[in-house]
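S.K.: Chains as they are written, first to last, in the numbering used here: chain A, 4 to 311; chain B, 20 to 360.
Worth double-checking, as some hints may not be accurate.
Below, computed lysine to aspartate or glutamate pairings styled on EDC-like, alpha-carbon distance capped at 20 Å [what the hints assert, rightly or not]:
id, chain 1, residue 1, chain 2, residue 2
1, A, 179, A, 200
2, A, 278, A, 263
3, A, 278, A, 221
4, A, 286, A, 236
5, B, 330, A, 200
6, B, 330, A, 57
Here are the simulated distance ranges between beta carbons [stated by the list, open to error]:
id, chain 1, residue 1, chain 2, residue 2, range
7, B, 331, A, 302, 54 to 62 Å
8, A, 73, B, 22, 16 to 24 Å
9, B, 25, A, 302, 26 to 34 Å
10, B, 324, A, 220, 17 to 25 Å
11, B, 127, A, 210, 48 to 56 Å
Since the hints were derived computationally from the structure, they do not count as laboratory data.
The beta carbon of each residue, even a glycine, is placed where N, CA and C say it ideally should be.
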Amino acid sequence: MIVTRGLVKRYGKVLALQGLDLEVPERSVYGFIGQNGAGKTTTLRILAGLLIPDGGGAEVAGRNVLGDPRGIREVVGYMPDFFGVYDDLRVGEYLLFYAAANGIRGATARKLRDDLLELVDLGHKREEFVDTLSRGMQQRLCLARALIHDPRVLLLDEPASGLDPLARVEMREILKELCGLGKTIIISSHILSELADLCTHVGMIREGRLLRQAPLGEMISGQRVRRFILRCDGPAGEAEAVIGGWPGAAVSNAAAGQVEFSLSGASADISALLKEVILAGSKVVHFAQTEQSLEDTFIQLAREVNGE
Amino acid sequence: MLGKEMRSRTRGLRYPLLLTFYLGLLSAGTVVFLWIYLDQSSQIHPRVGLSFYGLLVVGLVLLLSFIAPALAAGAISGERERRTYDLLLATRASLTGIVLGKWLASVAYLLFLVLAALPLLAVVYLFGGVPPSALAKAVLICLFTGLGYGALGICLSALIRRSQAATIVSLVLVFFLVFGTLVAAGIMADRDRRDAGPEYRPAGIPWYVFASPLAATAEVLPGAAGIAPGGGAPLINLVMNELMRQFQPRMTREYAMKMAYTRGYGQPPAESPEKTGGIAAWPVLARFALNQVLLAAISLAVAALAITPLKPWQARRARKTSYTDEIFLSESRSQNPESRM
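Produce the complete structure using the sequences and hints provided.
M.R.: In structure tokens form, the structure reads like this:
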């Protein structure tokens, strides 16, 4: 559905993208992860047809980014990470303007406006001026604007950036609704826990190159390192000592009566370790494997590449 | 685009303030003028009407020449600064449509300014002495001024990222077009006169002079000989005379003759025998209009080119590389469930 091949983009002397190869399957929700400056925004802008790559190519829904810019704009709805609004327009007029800009007018446009405002839960704000909306509402309005021409592809660059927790939850609910509409969505975000909730596929980018991309489940379970949490009745000093000395184990967090650690190795290793801990005198009350989070995967991968 | 721009111009404080300032300036000028004149003589005389008309038209044209580009210079760079630029480009709207919409909005506002000034021009009728055709021509000059210079402002707005810089550059350019062209023509004419010696024959008016609206206004203003435009205000007189001089004695002589004829015999004279061919024979207003239309067309074309992300020369180069085959290959590869980078 969306493919990039060897995408290269330079800003002056800085090489933002150095041969990016992405593949986003149709109807997937693709989480695009990377550090600041890794090239996420650049990639999204190229896919939206706003930026021309210096090398390589990209296709969205069969339309070539370089050969068919108008075609791209028809199938893509783009929501940038930083955007402004026209402060002297009302919310309804704002959407009608973008509808008209996309060639939708009259009764169809008005109906679309009302439907979209309902979707993003801004129906009651239709006659308010856009600059009186809170940031969260403006983000939702921008999302509505991106949907106005019913694009098959949505490119969302940090849709939840700068939002307070409640607004983030609201945004996430709306995104979940969108996922059910059969669109192909690329979301770039730093809040990995939320992405893990929404995405079907993940792509990790680092310094302009793709680190790894896979369906979500594969991405997480593919790691050989597993994490555990162990709680004791009383201080966990002995447990910590045993675990710390165990080959292949690394204590990540030790609070009062609790030890979090990671272990790379076979399953037999785990029972042996637990036995040692108990023999050392710890009164273990809780021992479980914690879910490998997307965040952990990302950090691990990044560290791997760094050679840590 | 037009609708949206109109909405924002009617809301907010900026545009009404500008209108107030503009009308205030023109009205103040009118009041001062009338005060000076009616002090001297309580007669209502066509001559006064003429001078007032001249003053007002020149003032109006100059004001519009500078307001038009200054306002338009914020059109596209303003979108960039407000971060709505990407959102606009990501729509299906054609880029020429965007540029045209912005331009028409600026032209519409200038039309509004011109209409707002009409009541002041009507004061001229209190005095008489000015044919309605001249008034109509004056309005046309204002329109074409706004059309062309507004487009120039939009072009600069597309080329220059910062609104402030675009405004300054546009004002400087317009200053050069309005005054600089006349000065340049005067210098050239002077040089020709010195070179040619006693057999001096004024050549035709150089084409670039018609970039200035003042050139067009010279036609609708009273000639230098016999009638003093601006009347009692010597500075205006001086400026007018300089303008007339740019147009060579022949033209002012012709005009003065026409005026004298009309006064004396009550009918315009027969056509002058001298006739140069081609564009040079067109009336001044038409040449100015042509200039402005060309300026507008070129400016808008450049603006549309400047905002498109994929420049035509890039597209041509890109289509030569055939990686679409590669992409199709990989598309089929990605259907394969085992695909992993």
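S.K.: All hints, please: hold or fail.
M.R.: Hints and how they fare:
no. : hint                      : in the structure
1   : A:179 - A:200             : holds (9 Å)
2   : A:278 - A:263             : holds (17 Å)
3   : A:278 - A:221             : violated (31 Å)
4   : A:286 - A:236             : holds (5 Å)
5   : B:330 - A:200             : violated (40 Å)
6   : B:330 - A:57              : holds (13 Å)
7   : B:331 - A:302: 54 to 62 Å : violated (45 Å)
8   : A:73 - B:22: 16 to 24 Å   : holds (23 Å)
9   : B:25 - A:302: 26 to 34 Å  : violated (53 Å)
10  : B:324 - A:220: 17 to 25 Å : violated (48 Å)
11  : B:127 - A:210: 48 to 56 Å : holds (50 Å)
In this structure, the hints that do not hold are numbers 3, 5, 7, 9 and 10, in rising order.
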